[in-house]
Every structure is written in C-alpha cells, then in structure tokens.
Amino acid sequence: MRIIVDEARCEGYGFCAEAAPHLLELDDEGDLKVLSEEVASGDAAQAEAAVRVCPVAALRLEP
Amino acid sequence: MTGGIGSGGDVVVVGGSVAAVTAADALRQQGHEGSITVVSDERHAPYVRPPLSKGMLKGAETPESVFISPLRADIDLRTESRAVGLDRGRRRVLLDGGEELPYDGLVVASGARARRLRPYDPQAGDAGELVVRDLDDAVRLRAIFAEATSLIVVGGGFLGMEIASTARGIGLAVTVVDQDPPLVRQFGAFLAEHMTRAALDEGVRLVRAPGGVELPGDGRPTAVRTFEGELLEADVVVSAVGDLPNVEWLADSGLGGPAGLLVDERCRVAPGIVAAGDVVARVSERISRPRRSPHWGSAIAQARAAATALLMGDEAPAYRPSPYYWTEQWGLDIKVCGEIVPGSTPNVLTGSLEEHSALIQWTRDGVPVAAATVNHRTPLVKLRKIATTP
Numbered sequence: 105m106r107i108i109v110d111e112a113r114c115e116g117y118g119f120c121a122e123a124a125p126h127l128l129e130l131d132d133e134g135d136l137k138v139l140s141e142e143v144a145s146g147d148a149a150q151a152e153a154a155v156r157v158c159p160v161a162a163l164r165l166e167p
Numbered sequence: 478m479t480g481g482i483g484s485g486g487d488v489v490v491v492g493g494s495v496a497a498v499t500a501a502d503a504l505r506q507q508g509h510e511g512s513i514t515v516v517s518d519e520r521h522a523p524y525v526r527p528p529l530s531k532g533m534l535k536g537a538e539t540p541e542s543v544f545i546s547p548l549r550a551d552i553d554l555r556t557e558s559r560a561v562g563l564d565r566g567r568r569r570v571l572l573d574g575g576e577e578l579p580y581d582g583l584v585v586a587s588g589a590r591a592r593r594l595r596p597y598d599p600q601a602g603d604a605g606e607l608v609v610r611d612l613d614d615a616v617r618l619r620a621i622f623a624e625a626t627s628l629i630v631v632g633g634g635f636l637g638m639e640i641a642s643t644a645r646g647i648g649l650a651v652t653v654v655d656q657d658p659p660l661v662r663q664f665g666a667f668l669a670e671h672m673t674r675a676a677l678d679e680g681v682r683l684v685r686a687p688g689g690v691e692l693p694g695d696g697r698p699t700a701v702r703t704f705e706g707e708l709l710e711a712d713v714v715v716s717a718v719g720d721l722p723n724v725e726w727l728a729d730s731g732l733g734g735p736a737g738l739l740v741d742e743r744c745r746v747a748p749g750i751v752a753a754g755d756v757v758a759r760v761s762e763r764i765s766r767p768r769r770s771p772h773w774g775s776a777i778a779q780a781r782a783a784a785t786a787l788l789m790g791d792e793a794p795a796y797r798p799s800p801y802y803w804t805e806q807w808g809l810d811i812k813v814c815g816e817i818v819p820g821s822t823p824n825v826l827t828g829s830l831e832e833h834s835a836l837i838q839w840t841r842d843g844v845p846v847a848a849a850t851v852n853h854r855t856p857l858v859k860l861r862k863i864a865t866t867p
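Residue numbers (this note's numbering), protein chains in the order written: chain H, 105 to 167; chain L, 478 to 867.
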C-alpha cells in the first residue's frame, strides 16, 4: 500500500502528519513529505485514518 | 461517569462528516471489534467541507474531488438515513424509515446546519434562501454565480468573507453586510483590520447594519433590508449567518439544547453515549458557558477522544483542546493556533503584514495565547509551539 499526495491540493495543514507521524511529516518549509513510500501492513489502519483527516482531500492510498 | 463498553459491542455513529469518519477510524485503531454503523442523512458519501466556499464555489474543483477516501470495509455506511429519535432506555436509534438500530455504544456526530434569516422547515425544503453548508449548496450556488453579476453576502465571518472573496475572484460585484466589523471575533482587531483592508482593496463594499437585516419578498432573495431602513439589491443574496447544532432528534431523550450537546471532559454525554464535532458544546477553563467549536481540527480531536472514552470510560485521558483553524481569502492564506482572546497583544515575529507574509504571536500578560501565519508556510508542530511557549 502506498500513500499518494496531490501536491497541487496540499495546503500543509498537517492533520495527516499528526495522525501518522512516522509515515508523514511537514518539513521546515511546511511542505508535506511522505517518510515511507511503502506502508507496512501493520500501519495500514493508521495510514487510512491519516488520509481521511485531510481537510482538502489531498491524500489517497493505492494498493 | 462509568466504564467503557469494551471491545465487542455494537456501535452506532450518527453523522456523515469528518467527526463521524474519524470516530469510526479511531474505534478500529483502538481495537474495537464489534460492528460499527455510520448513519448519515446526506445523499453523498462523506466529503470535506473546507473547499466548498473556495475551490468548489469558484469552479476550480469537481464535486468528485471533495470526497473523503472510502471508509474501511468493516464499517457499515448508510447514507440518506436520518436519525429522528433516541430511546436511551432500550438503547436504540430511531431512523426516519421506522427502523430501530440497537447499540451498545453511540457516537453523536450529527453536526450543525446553516442558520437562516427566513423561517425554515427542513422537511418542506428551503424557501429560496441560499446558504453554503453542504456539497449540494455549493454546486447550486456555483451555477447561480455563473449567471450573475452582483452578490450580497449577509454575514462577515469566516464563511461569509470566503464566499465574498471567491465571488469577487470570478468577477462579481460584491457587498458584505454585517452587524459588526468583519472577522474581529475570530481573528482579533489587528488581523481582522488587515483582512478587511485586503477586501476593500479588491473593491468589495462593506455595509454595517447594527440592527440586523431581513430578506424581503418570497423565493430566491434579490434584496436585503437593513433594520435602519436601507434597501440593498443584487442578483444573488447568500446568507452566512452562522450555524445551529442538530440536536432536535435528541429532544425526547432529554439530551441536547439550543447551545448544542453538552459533553464532559472526555467528550461523554451519558453512559454509553459520546459526541464529537459541530454538535458538541463544552465548558472550558476560561469560559463556563457551554460553547461549540465548529472547526475541522476540533471535530477530529473530539472524535478521537470520544472513541477512546466510549471504549475505556473513566480510564480514558481527558480531552485537551488545542484550537487550530484557518481561512483563505483576498490572497491571504491564514492559519491560527490557540485563541486570539480579547485584550491580547499581537507581536509580529517574522515578516510583516505589509509584505503579506508574517508569523504573529499573541500574548496576554506576557503569556502566549495564540499564533498565526499569513502566507507563511510553517509546520503545524512549530505553530502550535509558538502559540503556547514564551
């Protein structure tokens, strides 16, 4: 499973990074970085929850 | 209050927006194994509201782009299903079709609806008054904007000013009417004045109507009459005059009131019942009158706290609000952490408002109470820290 960021939509709100801090992070410029390309199966529930708290629906998961 | 319901019970979540979605996710993340049924009166699957007054209204986004990633397969989502009553004794949610949903645990995330200036009967439908709350509202207004040249927005809060900015951006002549100067309550005088100047620079007309307004006529309004007697006219009039908590379905259960649904420090309402999102009213350390905090960030934090409290009861940690909200208007991208309370002093830490890029901290009696960025990308962790650390 992979987390895909639509960078044109992302406004750097940071909710996803708070929901899954070891998968996603805002860097010093406030831009979103995906820390782990592949989401381990044990992290799937956290990744799904992180994707769904984005206020502009800029994230999705790909199998 | 009591213990939690444990990990095996059946949970019903009433609501179909981010609070409901987050509560369902949080229950599963915390190991809940029983059934979870999400009951939404919307005809759409859950979607995000923040773009509705911005990109969606402008026509830059398609309705498909605002949908939240589909819920997990082990969560049962029922759309077009309205909760109309609650039987606490028998632990059942009553649906409009006559069905009764039994529950061991209930999450109330029934949200809020737009307040209207004209009398409004939800069952009979609207009387032509335009608001922006749901996806269908935004889609309809976008089509109306495409045929219009002038707009009056009643209400100069977050939503009203965002609608005004979007409409001005696509070329409409825009007037904003409010009883008070715009945005002061939400952003404090310092920032509100800057935002208001930006609106005036874009050619928006601001009208004060201290006594309030009415929408004369029937059908879709094309005029606003102020209490002082001034008549303003435009092709389109949109009302952005706040929201009302959806508590009516709880009336017979003795829960909820005009201020919202009161929760304790763990987002609990009653044994086996928790709540999150725009419907929730809480008392804070600072203000003892129950208040709602109808923001995205509050909905998410409350949903997580509510899920934990439902499962763990008194063992759950208390909910500690950490306010975070934002707006985009007149080319200004503003994010705020904390509360810009009356009597606090703004200090510009980086940049300046004149350069339209700034990092601002508010202090009261030397203690930080809030921080904001204006067109200044900053990690949320850092902004939260500046809002709370001297």
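Errors might be hidden in some of the hints.
Using 30 Å as the maximum straight-line C-alpha spacing, the simulated DSSO-like pairs for lysine-lysine come out as follows [as the list claims (entries may be wrong)]:
hint : chain 1 : residue 1 : chain 2 : residue 2
1    : H       : Lys137    : L       : Lys531
2    : L       : Lys862    : H       : Lys137
3    : L       : Lys859    : H       : Lys137
4    : L       : Lys535    : H       : Lys137
5    : L       : Lys531    : L       : Lys859
6    : L       : Lys531    : L       : Lys862
Now the stretches of chain L that chain H is said to cover, found in silico as 3 or more residues with beta-carbon under 8 Å [said to hold, decoys possible]:
hint : segment
7    : 493-499
8    : 503-517
9    : 537-545
10   : 771-781
11   : 853-859
Quick look at which bits of chain H chain L covers, simulated, 3 or more residues with Cβ under 8 Å [as the list claims (entries may be wrong)]:
hint : segment
12   : 136-147
13   : 155-165
It should be emphasised that the hints constitute simulated quantities derived from the structure, not laboratory data. Ideal Cβ placement from N, Cα and C applies to all residues, glycine included.
Hints versus structure:
1. H:Lys137 - L:Lys531: This hinted pair holds, its Cα atoms lying about 25 Å apart.
2. L:Lys862 - H:Lys137: At roughly 20 Å apart (the allowed maximum being 30 Å), Lys137 (chain H) and Lys862 (chain L) satisfy the hint.
3. L:Lys859 - H:Lys137: The given pair, whose Cα atoms are some 16 Å apart, holds under the 30 Å limit.
4. L:Lys535 - H:Lys137: holds, 28 Å
5. L:Lys531 - L:Lys859: Measuring from Cα to Cα gives roughly 26 Å; hence the hint holds.
6. L:Lys531 - L:Lys862: holds, 29 Å
7. 493-499: Check passed, 3 qualifying residues.
8. 503-517: n = 3 at 8 Å, threshold three: holds.
9. 537-545: holds (count 4)
10. 771-781: holds (count 3)
11. 853-859: holds (count 5)
12. 136-147: violated (count 0)
13. 155-165: Answer holds; 10 residues pass the 8 Å Cβ test.
In the structure shown, a violation is registered for the earlier hint numbered 12 alone.
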